[in-house]
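Those protein sequence lines, which keep their order, are chains A, B, C and D.
Residue numbers for the first sequence follow the UniProt record's numbering, beginning at 1 and rising by one.
Residue numbers for the second sequence follow the UniProt record's numbering, beginning at 1 and rising by one.
Residue numbers for the third sequence follow the UniProt record's numbering, beginning at 1 and rising by one.
Residue numbers for the fourth sequence follow the UniProt record's numbering, beginning at 1 and rising by one.
The set of hints was computed from the structure by calculation and includes no laboratory data.
Keep in mind that the hints are not guaranteed to be accurate.
Simulated crosslink set (BS3-like; lysine-lysine; CA at most 30 Å straight-line) [claimed, not checked]: (1) A:Lys100 <-> A:Lys27; (2) A:Lys27 <-> C:Lys35; (3) D:Lys81 <-> B:Lys35; (4) B:Lys66 <-> C:Lys66; (5) D:Lys100 <-> A:Lys66; (6) A:Lys81 <-> C:Lys81; (7) C:Lys66 <-> B:Lys100; (8) D:Lys100 <-> A:Lys81; (9) B:Lys100 <-> D:Lys81.
There are 4 protein chains.
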Amino acid sequence: MTEPGSPDLDVHGEGDEQATHGYITDKANYLARLKRIEGQARGIHRMVDEEQYCIDILTQVSALTKALESVALGLLDDHLKHCVVDAARMGGPEADEKVKEASDAIARLVRS
Amino acid sequence: MTEPGSPDLDVHGEGDEQATHGYITDKANYLARLKRIEGQARGIHRMVDEEQYCIDILTQVSALTKALESVALGLLDDHLKHCVVDAARMGGPEADEKVKEASDAIARLVRS
Amino acid sequence: MTEPGSPDLDVHGEGDEQATHGYITDKANYLARLKRIEGQARGIHRMVDEEQYCIDILTQVSALTKALESVALGLLDDHLKHCVVDAARMGGPEADEKVKEASDAIARLVRS
Amino acid sequence: MTEPGSPDLDVHGEGDEQATHGYITDKANYLARLKRIEGQARGIHRMVDEEQYCIDILTQVSALTKALESVALGLLDDHLKHCVVDAARMGGPEADEKVKEASDAIARLVRS
């Protein structure tokens, strides 16, 4: 909803004032998951503050990492499905840029 | 149990029933990092809510994952240094259990 | 060299009987890297056989994992660039299938 | 130091200058797994050479990465169980060094 402009992106969800990058297939679902992730982060902070058992904290960190990973994979799938495919359909050099961007994002995910 | 002080670690249960695992070498530092992680999670929630560009969201997710990973590796190092080494020094079967627990936690981290 | 057909794929190296999925941008480079990876695997086998120091073996395992990861990211990039983009350009439901396949492959990479 | 035998472990330097790290609990098992890993690497090389379908190659790369990861986790567990615990029992600064080494190896694994 920020950024007026971003001329290069297709605006699904015309008429929807939020949908600047309307590629997100189930936004409410992502928002709920991210809310939960925020709560998990807060929980880990509390566990450290209370000096709970390290292994239990690590278990929570792994759970949070997995939850994040799963959000990332979902967003990436949406991105490929919408932005990359749309750019490919439009033809022109933009598809290459979109693929490059996606590949770079995948590399960051795989390495993180 | 927010502990002013804790010069570096190891309060090992000084009457405080929560402080049983005083193995965390620099608690204030972990708490600050986890606070930041919580903020990063909130930021990602906002980015999705504002439907910012997917690739930018993924970049933030990777950064958050890396920050978490780094906290996990620090906690694990503290755990090996204190709990595992202490258990080994005490002798007895507990060292084996501690190592098993640590190995399981490492496997979860590596696979998450 | 399997499957004659696969009409949707561009066949680089026409006249080359091997090029059924000619999506691989620099095959000689991949082959050289995979040869090296095979050698690294053989080296780790030897290190274990000679009971070399565990940490040194782990260092080699990490190096091999990184080398593999890098090959995987390259292949995936090629795949997006060729198969996914081509399928999108052709239109039809195949683009969706290709994206789904790619997303599944990415998930396996991120989780492995 | 190819040792026929080594029923399962722990030759701990019986006069043989190479066998110093007899920490590997089931060497024959590791060797068999690493042999298989080498075969998997060779198989991936062949798949690329034959230009098989990219997604199928990626599936094999993920399988190989998982197999390697599992070897690494096993070796690390052995290392903690033997080298780190033994060093801790001996007392002295060596335990710290062993833990540091192990933590560094874990970090490389988690990040690879």
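Against the structure, the hints:
Taking the CA atoms of A:Lys100 and A:Lys27, the gap is about 25 Å. The hint holds against a cut of 30 Å. Note on A:Lys27 and C:Lys35: the hinted pairing is violated, with a Cα-Cα distance of about 45 Å set against a maximum of 30 Å. About 34 Å separates the Cα atoms of D:Lys81 and B:Lys35, which puts this hinted pair outside 30 Å; it is violated. Straight-line distance between C-alpha atoms of B:Lys66 and C:Lys66 comes to about 17 Å, which keeps the hinted pair within the 30 Å bound.
Pair hint D:Lys100 plus A:Lys66 holds up; C-alpha atoms about 26 Å apart against a cutoff of 30 Å. A C-alpha spacing of about 14 Å is found between A:Lys81 and C:Lys81, which places the hinted pair at or below 30 Å, so the restraint holds. Restraint check for C:Lys66 and B:Lys100: the C-alpha separation of about 26 Å stays at or below 30 Å, so the hint holds. Restraint check for D:Lys100 and A:Lys81: the C-alpha separation of about 44 Å exceeds 30 Å, so the hint is violated.
Taking the CA atoms of B:Lys100 and D:Lys81, the gap is about 8 Å. The hint holds against a cut of 30 Å.
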